[in-house]
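Just so you know, the sequences run in chain order A and B.
In terms of this note's numbering, the first sequence opens at residue 1 and continues consecutively.
In terms of this note's numbering, the second sequence opens at residue 1 and continues consecutively.
Read the hints as simulated data drawn from the structure, not as lab findings.
Among the hints, a few may not be true.
Examples of chain A residues toward chain B, derived with CB under 10 angstroms [said to hold, decoys possible]:
| id | residue |
| --- | --- |
| 1 | Arg-30 |
| 2 | Ile-55 |
| 3 | Leu-81 |
| 4 | Arg-122 |
| 5 | Val-135 |
| 6 | Phe-165 |
| 7 | Arg-180 |
| 8 | Ser-183 |
Subject to a maximum C-alpha distance of 30 angstroms in a straight line, what follows is the list of computed DSS-like cross-link-like pairs (lysine-lysine) [to be verified]:
| id | chain 1 | residue 1 | chain 2 | residue 2 |
| --- | --- | --- | --- | --- |
| 9 | B | Lys-390 | B | Lys-697 |
| 10 | B | Lys-745 | B | Lys-439 |
| 11 | A | Lys-115 | A | Lys-138 |
| 12 | B | Lys-582 | B | Lys-439 |
| 13 | A | Lys-138 | B | Lys-697 |
| 14 | B | Lys-745 | A | Lys-115 |
| 15 | B | Lys-498 | B | Lys-582 |
| 16 | B | Lys-652 | B | Lys-151 |
| 17 | A | Lys-138 | B | Lys-439 |
| 18 | B | Lys-655 | B | Lys-439 |
| 19 | B | Lys-582 | A | Lys-115 |
Ideal Cβ placement from N, Cα and C applies to all residues, glycine included.
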Amino acid sequence: MTSAPLLRATGLDKAYGPTPALAGADFSLRAGEVVAVMGPSGSGKSTLLHCLAGIVRPDAGTIAYDGRDLTALSDRERSSLRRTDFGFVFQFGQLVPELTCAENVALPLRLNGEKRRAAEARAVAWLARLEVDGVAAKRPGEISGGQGQRVAVARALVTAPRVIFADEPTGALDSLNGERVMSLLTEASRDTGAAVVLVTHEARVAAYSDREIVVRDGRVRDAEWAA
Amino acid sequence: MKLRVWARDLALGARFAVSGGRPGLLRTLLTATGVGFGVALLLLAASLPHMLFQREVRESVRAVDASREVTGPRPDTFRYFDRATTYRDNVVSALLLQPDGDAPPLPPGATAFPRPGEMLLSPALRDLLDSPEGALLRERLPYEVAGTLGKDGLIGPAELRYVAHVDFLDTGNPDGRGERFGWSVPEEPMNAFLILLVVVACVVLLLPVLVFVATAVRFGGEQRDRRLAALRLVGADAPMTRRIAAGESLAGALLGLLVGAGLFAVARQFAGSFTIWDVNAFPSDVVPLPALAALALVTVPVASVVVTLVALRGVAIEPLGVVRASAPRRRRLWWRLLLLAAGAALLVPLMGRVSVTETSIDTVPVVTGTVLFLIGLTTLLPWLVEAGVKRLHTGPVAWQLAVRRLQLSSGTAARAVSGIVVAATGAIALQMLFQAMEKDFTLPTGGDSSRAQIAFGVHGKTFDEARAINARFARTEGVAEAMSVVEAHAWRPGPLEKGRDSAPATPLRVGDCASLREFAALPACRDGDVFVVLAHGAQGGPDDERITAVARAGATVALRDPHPPEDGPEGRPADAPPPLWKLPAGTKTVDSRPDPTGMYQYGVLATPSAVDTGLLGESYAQSVIRLDPAVPDAADRARNTAAAIDPTAWVKDLKDTEVDAAFSSVRTGILVGSTLTMLLVAASLLVTTLEQLRDRKRLLSSLVAFGTRRSTLSWSVLWQTAVPIALGLALAVAGGLGLGVVLLKAGGQQVQDWWVFLPVVGIGAALIALVTLLSLPALWRLMRADGLRTE
């Protein structure tokens, strides 16, 4: 028996100026599932992720999350949803350089109104779980790339999201660090029951997923979704 | 050899600046724009001396040469009357001409002499008269428009002026007769205090421009540093990368010079379209002094290289990236204080040495001292911001983001507000000087504008005509009350005393009781009463004995000059006896009181029934007019009536105080400069903020991705602007008060008001709000998800 999709997109269109990024893309994600979105550069992978996460509003199509139509939500409602239900890991430029690592991880909690001390305590716990508790008081500029990505993963998980969106999370790391980050991300998400949408062009990274789809020319070509 | 290496690296950097792809080009354009604004302002400042000098030249060229008296009429002479009228707070200058013959010289700006009853108008006056706003003024100028006055006859394109050909000027007109135009009116030398004010103002207004230029050459520094790291990877050594970086800045600065020259060229074309505090100039008059322009053009590129090299001292550009000293070098305080102390050391000895009676000051220590003091304060700011933000605790997320950002990199923020520190410090010190000097340069006129607002006087009127004038003013809309008297003279009759060529005389004023009360404290008054008014020698007037020698109760006085000069205007044969009048026995002696113009009058005051007014000699009709404040344009309606009665009548707006003209023009200049400086500071802050935001585009997008509210980031931007500005203003308040005290003491003056800094702080707060508001659209645009795209 298959459960109903937690996140489902149908017929997504999105263009940046005259350039189409998505052209009728479909997608679905079940709770706790890890899906790798693959495809060549410029195929629309990241745009699909941004649409699914409610960061970008598609030009056409629908996105249903837990029974709610994401495309019909206001910017404020989508922002709120991203704070509470989603977590994010990007390739780079995601940690606030002036905050310490603990403060970076605590940031989503604080944005949700949690007190600073409590938020930072939870942040430090997550840093320990991702084996980077030693960098809690350091700033992103003072740590390595691999440590930075683990901090980013901790920040994505700290709010106990239902979906984690990871866009090329290992793109800036060497293979060893990349492997470690991926294993920590998938282990932690499985522990917490979070689903993961993983954009990557590396088969090695995609191997951590339960399912792979390929985006080409703005369409999901090899969707293995249950209708 | 070394020079060649430098040239090669600088040229390489310059090439990167224009060929480094879109981001590099954008950075160069940003620098060029910032530098361009600064250069344009410097060129405008360098043009001010010539511009103001040209205004004087223009004023001299069109003035009728009054250096020698033109005695008789000739075909090429003319009678003239040069007077200004006021229209809704604007001055309308006028030159009335009446040629004596058929070859009068052309007034400057005219292509042909206007015919009788015609006038030539300045373009601005023509526009005003053609518009509905000028309807009331049109009534005052009963001449046909014959043409336009050219720029040779105007001091600025916005000047309101007319030159009219009239036929009513007689030999008694106060300006007289002329034969040519062009006379350099000797200027009064400025006193040392005003020079001090001007010198300090120049320093405090121009220093922020240089600070801004220095800030502009560092725009986009972070992006550039990443590019330099790539150069290190392919073999450039550290000094070479610094020189290449300097070359990049140099390219931006040189491009900025071009932009600045272009902006200046455009701005000077519009010089005529703007009037800032009555200053308005023809584009051809806005020409920078060559030496000052050259100084600006050399300083800017040199400064760009020096600033970049200095800025890169704390940055290690390594092949694998840029390492900003992770534990930034602790800023040292001593050399910053040394600059301040050096400035103070030059200024403090001036205390008590600048006197209002002198006309020059030793400008070198003033300029050097002020520059060192202000630069010292500017360099103190990064130390203060670093020390200040280090102690700040985290609070809400927006505050935390701002504080942490400032703690990590306080230098950028400090640089951004350094212009404000200089401008605010200077503004506070200048305000203190102004306040102290204002009392010396604001002269009480003695007038009482609560009693009347306009005074009017015209020669050659009889008492009946004076009555008619009064009635005419009384009928004028907006006139609440008009009080008029006719002023003649009373002479002591009889033969001349030995050794005198004229009989003793005293003024005789005839009017109703209400009008007479404006001149003296009358105990009681009714028609038929006469008073002798004594001023007790006030305002340099005659002793009381000289009055009472002519006029006292029961005395007989002559109502016309008993011994008129042979060429005098008295219309009476010299051998006919003058009409006599006996002052009533009940004539009271009263004390004078200042009339509404502030003058103590003396002599005889008579009510109409007391004297046969038909016997009075040539008289002067005087009116003082109280306006109804509820009636719009009441003053202009009264001025129209005055002009209709006699275009050469004396009309004065009554004010309680009058500001010294030189002081007023210095204040005007400083206000113009301050406005431009503040705008520049705001622009500088805005560009810096936008530039920082642009550098953080990806980070902002990722923050938005995980749900950060716009308001959180907006508040963060506000705090990031507000904290350094608040610290900067605190420093400026302390520095400004200190500088102000030293400069005041130099002139032996006392501080008038210690709270003088409050408006400056208010302006600072307004700048914070303005910059934050103007940067919000960019912030929101950068918060879009586009920033997350990598392809």
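Each hint tested on the structure:
1. Arg-30: violated (22 angstroms)
2. Ile-55: Since the shortest Cβ distance to chain B is 4 angstroms, the answer is holds.
3. Leu-81: holds (7 angstroms)
4. Arg-122: Hint on Arg-122 of chain A: violated, closest Cβ of chain B at ~15 angstroms, above 10 angstroms.
5. Val-135: The hint is violated - Val-135 of chain A has no Cβ within 10 angstroms of chain B, the shortest such distance being about 13 angstroms.
6. Phe-165: holds (8 angstroms)
7. Arg-180: Violated, because the Cβ-Cβ distance from Arg-180 of chain A to chain B comes to roughly 21 angstroms (cut-off 10 angstroms).
8. Ser-183: For Ser-183 of chain A, the interface hint is violated, since the closest Cβ of chain B sits about 23 angstroms away, which is over 10 angstroms.
9. B:Lys-390 - B:Lys-697: holds (26 angstroms)
10. B:Lys-745 - B:Lys-439: holds (16 angstroms)
11. A:Lys-115 - A:Lys-138: Holds, because 21 angstroms separates the two Cα atoms, which is no more than 30 angstroms.
12. B:Lys-582 - B:Lys-439: Distance ~48 angstroms between Lys-582 of chain B and Lys-439 of chain B Cα, so the pair is violated.
13. A:Lys-138 - B:Lys-697: holds (23 angstroms)
14. B:Lys-745 - A:Lys-115: violated (54 angstroms)
15. B:Lys-498 - B:Lys-582: With a Cα-Cα distance of about 25 angstroms, the restraint between Lys-498 of chain B and Lys-582 of chain B holds, given a limit of 30 angstroms.
16. B:Lys-652 - B:Lys-151: holds (29 angstroms)
17. A:Lys-138 - B:Lys-439: violated (60 angstroms)
18. B:Lys-655 - B:Lys-439: Judged against 30 angstroms, a Cα distance of about 16 angstroms means the pair holds.
19. B:Lys-582 - A:Lys-115: violated (101 angstroms)
Hint violations for this structure: numbers 1, 4, 5, 7, 8, 12, 14, 17 and 19, all remaining hints satisfied.
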